[in-house]
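Engineer: Sequence:
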Amino acid sequence: MKINRTARGLLALAALSLGAAALAQTAGTETATTSASSLRPALSGERRFLTLPGFGRVAYYAAPGGTGRPLLLTHSVNAAASAYEMKPLWDAYAGTRPVYALEWPGFGSSDRPDIRYTPELMAQALSALLAELGQEVDVVGLSLGGEFAARAALADPRIRTLALLSPSGLGQPRNGTQQANAADGGTRLYRTLSAVGTPLYAALRTRPSIEYFLSRSFRGPVDPGLVEYALETSRQPGAKYAPLYFISGGLFTPDAYGDLYSKLRVPAAVLYDRDAFVSFDRLPLFTAQPGVSAVRIEGTDGLPHFEKLAEVRAALDAFWAANR
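Per the numbering used here, the sequence shown starts with residue 58, numbered consecutively.
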């Protein structure tokens, strides 16, 4: 079976990492006595769970104090994703307005069963949280989380505004990972990767691998707390399943701009600068739509809220003020 360039690169990375001493920390099998709920909280506030039919428990964090329209934060998707990725914004807004942070199925403290993970499943989880909250919200989506949030916004009027931090789906696919196979949604590649899933994921979750990939989203030093939490969350039972669908391309919408962003009718804002994993070739098309704006947060890569929180917060506050 042929493997595309992305898969070959990831398998090469796995082989290199498997030969490194760092793999000794992680090459063991998943520990049956550890559950996702035993993972320490990613954020302050209350960690809650909702039940998504056909999936299981989905975790979210709640800080319902404050006034105004609730803010709902959604993290990205990668080998070690969690709500910790949204910690700077959580800390900035918790207590001033109601704030909630969703952990996508397969990540963080959410369940991680061996099932098929799809964009539709992720959007259903967000819609389930919206139903639980029962009111209009402002949503902030990071990277691929922005695609899932846009998908949910097309079907759920409770999403009042949508802010996208360094979103995927606005440029030409890079390195093959931003476009699922049009014929099978990445299924064939997933099966190939799944055959070597345990050693591959063991390689990806080593400290050197996590520090390397995170370094590509920081212009300056990588946040040490983010590294430590990524190491912890990637060691939970079932942690490999959703990331393998991500690596195979199965969690991306093949034409996210055409199928999602171009159809949005809610106010939207894009905050971006440079990103090693996505590009923004079609951003001018997006901002030409009514109610869509963009703010460049200069001097940042894929996680602008970690390095330029004041600028990100100012851009978000202005966006929300214009769309009360």
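Hints are not guaranteed to be accurate.
Cβ pair distances, simulated, as ranges [as the list claims (entries may be wrong)]:
(1) 192 to 101: 35 to 43 Å
(2) 375 to 192: 30 to 38 Å
(3) 312 to 98: 23 to 31 Å
(4) 214 to 281: 25 to 33 Å
(5) 175 to 123: 31 to 39 Å
(6) 277 to 344: 41 to 49 Å
(7) 312 to 124: 38 to 46 Å
(8) 188 to 268: 16 to 24 Å
(9) 124 to 273: 15 to 23 Å
(10) 152 to 315: 20 to 28 Å
Since the hints were made in silico from the structure, they are not lab data. Glycine included, each C-beta is placed from N, C-alpha and C at the ideal position.
Engineer: Checking each numbered hint in turn, tell me which of them this model violates, lowest number first.
Structural biologist: Going through the list in order, the structure violates hints 1, 2, 3, 4, 6, 8, 9 and 10 and respects the others.
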